Amino acid sequence: MIKKVDHIGIAVQSLESALPFYTDILKLPLLGMEEVESEQVKVAFLQAGETKLELLEPMSKDSPIAKYIEKRGEGIHHVALGVDSIQERINEMRENGIRMIHEVPKQGAGGAQVAFMHPKATGSVLYEFCEKK
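In our numbering, each number is its position in the sequence shown, counted from 1, plus 146.
Source of the hints: derived by calculation from the structure; they are not laboratory data.
Since this is a predicted model, take the numbers as computed values, not measurements.
Worth double-checking, as some hints may not be accurate.
[As the list claims (entries may be wrong)] Simulated crosslink set (PhoX-like; lysine-lysine; CA at most 20 Å straight-line):
1. K252 x K279
2. K198 x K279
3. K149 x K278
4. K173 x K198
5. K266 x K213
6. K198 x K150
7. K278 x K150
8. K279 x K149
9. K279 x K150
10. K198 x K278
11. K217 x K266
12. K252 x K278
[What the hints assert, rightly or not] The following label-pair restraints were derived from C-beta to C-beta distances:
13. S184 x I154: 18 to 28 Å
14. E241 x K207: 31 to 41 Å
15. G243 x G195: 28 to 38 Å
16. G195 x G257: 21 to 31 Å
Glycine included, each C-beta is placed from N, C-alpha and C at the ideal position.
Could you build all of it, start to finish, from the sequences and the hints given here?
Next comes the structure, spelled out in structure tokens:
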């Protein structure tokens, strides 16, 4: 069902301010940056062994990441689990009483299809299913 931890999402106020720690101090390779308009977020992916770190910068004060940072501060936002057949995983979660934020997959960063489980159903951890073609 779950292939691996695909990435860990980290909310930051500014990619420009945060990236030097990851690239210069931790020496993690920057894989790329992009904007995800649907989520009003700029992302930077860094390679950390077999897992990636996804830094998330809000593009507007109304974005989910901006609201997250306002409420909880910068830090770990979500854990993304790599899966095949994302819609099947969503259906399995619903059959097991796990509330989903997304009932159908949506377009995420890097061309992935993504869907989030509601943290109230997962012990206060925001998990994302991530299917890459």
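Checked hints:
1. K252 x K279: holds, 14 Å
2. K198 x K279: Holds, because 17 Å separates the two Cα atoms, which is no more than 20 Å.
3. K149 x K278: holds, 11 Å
4. K173 x K198: Since the Cα atoms of K173 and K198 sit roughly 13 Å apart, the hinted pair holds (cutoff 20 Å).
5. K266 x K213: Distance of about 17 Å is within 20 Å: holds.
6. K198 x K150: holds, 11 Å
7. K278 x K150: Answer holds: K278 to K150 is near 12 Å, not above 20 Å.
8. K279 x K149: holds, 14 Å
9. K279 x K150: Holds, because 15 Å separates the two Cα atoms, which is no more than 20 Å.
10. K198 x K278: holds, 14 Å
11. K217 x K266: Within the cut-off at roughly 16 Å; holds.
12. K252 x K278: holds, 12 Å
13. S184 x I154: 18 to 28 Å: holds, 21 Å
14. E241 x K207: 31 to 41 Å: holds, 37 Å
15. G243 x G195: 28 to 38 Å: holds, 34 Å
16. G195 x G257: 21 to 31 Å: The hint (21 to 31 Å, Cβ to Cβ) holds, given that G195 and G257 are roughly 22 Å apart.
Hint check: no violations occur; every hint is consistent with the structure.
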